[in-house]
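Chemist: Chain order of the listed sequences is A and B. For the first sequence, our numbering gives the first residue as 62, with consecutive numbering after it. For the second sequence, our numbering gives the first residue as 15, with consecutive numbering after it.
No wet-lab data here; the hints were simulated from the structure. It is possible that part of the hints are untrue.
Stated by the list, open to error - The calculated DSBU-like cross-link candidates involving lysine-lysine, where the alpha carbons are at most 35 Å apart (straight line), are:
id, chain 1, residue 1, chain 2, residue 2
1, A, Lys198, B, Lys20
2, A, Lys199, A, Lys166
3, B, Lys92, A, Lys199
4, A, Lys168, B, Lys92
Computed from a prediction, not measured in an experiment: that's the story for all the values here.
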Amino acid sequence: MCTNTRKICVKADAQNIDEVFDFIEGELEDIEGVCRQDVLKMHMVVDEIFSNITNYAYEEETGDVIISFNHEPGSDCISMTFTDQGRPYNPMEEVVPDINLPAGKRKVGGLGVFMVRNTVDDIHYENMDGSNILTIKKRIGQEQD
Amino acid sequence: MADIKKEISGTTMNIALGGILDTKSAPQLQDAIMESVADVTEINIDMAQLEYLTSAGLRAILVAQQEMDDKDGKMTLKHVAKEIIDIFKMTGFLSILTIED
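Please work from the sequences and hints to get the whole structure.
Modeler: So this is what it looks like as C-alpha cells:
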C-alpha cells in the first residue's frame, strides 16, 4: 500500500511553497492521463492548504509539514495528505462563507477551504497523537463538462 | 507564478496577467494596483494569459473592485478562461464582477 506513496517534509514557511508545488507537480507529471486542469486544480489545493498551515498552525517556533502523495498504478484517483504538529485545526469546521454578499461586504476568509471542498472528491480531517492530518482525494483525467 | 504587466494612461489602469495568481503572486498584483490607484477610475484586467487563480487571487481582485466601487469607478475583467469563470461561479464572485469577452 505504501509503495506508491512518496513524501516530502518541509518547514511550515511560506517560502517553501514552491518546493511543495514542484513535488506535487512532479508526481502528477508521471501519471498517464493527467491533464493541465488537474495540475491547476492541485496547485490551487496545495496553495490553500499549505498557506493555511504556514499562517496558522505554528505560533512561536515553526514546525514541519509532511506532504505525501499517493497514486496506485492504473487508478484514476490520487490522494494527498498534509500532516503538521501545530495547534489542532479542523478545516471542515470552517464557517462556509456567504457567497451572496455585495462586493463591499465580502470577506475572503474561509473561501480557500470552501474552494478546496468544492474541487476535490473527498476530504478528511483527523487529529491523531497531536498531529493534524488532512487527506484529500481527487479523480484525475476528467475534462470539465 | 504570475506575470503582471501594468500601464496607466490618464485615469485608466490596464493590467495584463499571465500564469497562476496564488499566495505568492496575488499580493504583488494587489500592491501594483493599490500603489498607483489614486487618480484611477477605470481598471481593465486582461486575463487572456492567466491560467488559474486561488483564493489569494480572489482577495486581490476583490480589493481592487471595492476600491473602484468606493470611488464610483469601474473595473472590467477581459478574456477570462472558462476554468477561472468556474471559480468565480463557485465563489459567487460572478455577481460582483464585470466580465467582458
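Chemist: Need the list of violated hint numbers for this structure, in ascending order.
Modeler: 1
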